[in-house]
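Number of protein chains: 2
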Amino acid sequence: MVFVTGNEHKRREVREILGVELEAADLDIPEVQGIDPAEVAAAKALAAREALGFPEAYVLAEDSGVMVEAWNGFPGALTKWLLGSVGVEGLLGMLSGFEDRSARAVCVAAVVAPDGSVETFRGEVPGEISPEARGEGGFGYDPVFVPEWSARTYAELGEEKNKDSHRARAFRAMRGWLEEA
Amino acid sequence: MVFVTGNEHKRREVREILGVELEAADLDIPEVQGIDPAEVAAAKALAAREALGFPEAYVLAEDSGVMVEAWNGFPGALTKWLLGSVGVEGLLGMLSGFEDRSARAVCVAAVVAPDGSVETFRGEVPGEISPEARGEGGFGYDPVFVPEWSARTYAELGEEKNKDSHRARAFRAMRGWLEEA
Chain A
1 MVFVTGNEHK RREVREILGV ELEAADLDIP EVQGIDPAEV AAAKALAARE
51 ALGFPEAYVL AEDSGVMVEA WNGFPGALTK WLLGSVGVEG LLGMLSGFED
101 RSARAVCVAA VVAPDGSVET FRGEVPGEIS PEARGEGGFG YDPVFVPEWS
151 ARTYAELGEE KNKDSHRARA FRAMRGWLEE A
Chain B
1 MVFVTGNEHK RREVREILGV ELEAADLDIP EVQGIDPAEV AAAKALAARE
51 ALGFPEAYVL AEDSGVMVEA WNGFPGALTK WLLGSVGVEG LLGMLSGFED
101 RSARAVCVAA VVAPDGSVET FRGEVPGEIS PEARGEGGFG YDPVFVPEWS
151 ARTYAELGEE KNKDSHRARA FRAMRGWLEE A
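The listed protein sequences derive, respectively, from chains A and B.
This note's numbering applies: residue 1 is where the first sequence begins, and numbers increase by one.
This note's numbering applies: residue 1 is where the second sequence begins, and numbers increase by one.
Each hint should be verified, as a subset may be incorrect.
[As the list claims (entries may be wrong)] Which bits of chain A does chain B cover? Going by a derived footprint, with three or more residues having C-beta under 8 angstroms, they are:
1) 43 to 56
2) 90 to 96
[Stated by the list, open to error] Computed list of chain A residues with no C-beta within reach of chain B, every gap over 10 angstroms:
3) Arg15
4) Glu119
5) Pro131
6) Glu156
7) Lys163
Note that these hints are calculated values from the structure, not bench results.
Computed from a predicted model, the values in this text were never measured in an experiment.
By construction, the Cβ of each residue, glycine as well, lies at the ideal position given by its N, Cα and C atoms.
Let's have the full structure, built from the sequences with the hints guiding it.
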């Protein structure tokens, strides 16, 4: 199985959850526009399979983001562009006029089989956007996302986040599928 | 010249500005993620040229969006996803916590020549986001964008908008290039 990622830490985390060998492919695949990480991850896995010359292997890609309920799921897969423009302080400013602060951290793993068929596995963690940024660990929206299973932000949780994160949930769902196959 | 659009009204408007024959190609090209319409338009034109089988013609695509200064240009080319999720009322709510309401309407026309070289032409209209939606005409952010050359929103301006819109400015810049070539 080939995992499209340039992040060695992520490759190890996913290999540990899946319990299979994972070859990392650090490809520069342009991501398609969309809110749902499932569409973006599936397009990424299909484009990577083509870039790799249609190998006789499973090609795995993932995409993630935070879906804000008051914004009907926005920014989702576009989270990195919002944060790249305004940072977490900007996100807090944009949400300041909304009462409902609930949100979901979402990750989708997409696998393309050698025959071209695509399977997606979704991991969601409901939670809320904190009133202010807290914690030194993590990246992206980690300092402002409080999963429902804790009172701390993802950034405050540090490594503990990985035990039951949206990414862990997506790849655990995928492990169940692997075990059945 | 082939113009990648499914919008006959837009094709006519652009043909009128450019003064050349334009064949419309209604292709379903997935747009790449990005804030700058120039990157998205160029990628669209290149992908369309490939989808059309590398014709001996110029391939033209455009992309546009509103760049909010307080958000460092966000959402730009991603405007349609923000509006598709929250509408103009949501955009106003997200901006309610920011004092600076200045924004730019931006359009970029990208042309790929038969030899594969790309030219981009940018049209920008500075202005601001109005406190509330006004006007029945237009679409997208038209009801909340007030160009600096008027006190009315794009939606209130109706057809008058086209006289000096971001799109008109981009294609006028392109016409200058065509006349020189």
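*Would you assess whether A:Pro131, listed as outside the interface, keeps its beta-carbon beyond 10 angstroms of every beta-carbon in chain B?*
At roughly 13 angstroms from the nearest Cβ of chain B, A:Pro131 sits farther out than 10 angstroms, so the non-interface label holds.
*Could you let me know if the closest chain B CB is still more than 10 angstroms away from the CB of A:Glu156?*
Correct as stated: the minimum Cβ-Cβ distance to chain B is 24 angstroms, above 10 angstroms.
*Given as covered by chain B, does the stretch 90 to 96 of chain A meet the bar of three residues or more with CB within less than 8 angstroms?*
Held - the stretch 90 to 96 of chain A has 5 residues with a Cβ nearer than 8 angstroms to chain B, which meets the minimum of three.
*Please count how many residues of the stretch 43 to 56 of chain A have a CB within 8 angstroms of a CB from chain B and say whether that reaches 3.*
Violated: only 1 residues of the stretch 43 to 56 of chain A have a Cβ under 8 angstroms from chain B.
_Claimed clearance of chain B by A:Lys163, with the beta carbon kept past 10 angstroms_ = 30 angstroms, holds
*Would you say A:Arg15 is clear of chain B, with no C-beta pair closer than or equal to 10 angstroms?*
27 angstroms, holds
*Looking at A:Glu119 again, its CB stays over 10 angstroms from all of chain B?*
Non-interface label on A:Glu119 holds, nearest chain B Cβ at 20 angstroms vs cutoff 10 angstroms.
When held up to the earlier numbered hints, the structure conflicts with hint 1 and nothing else.
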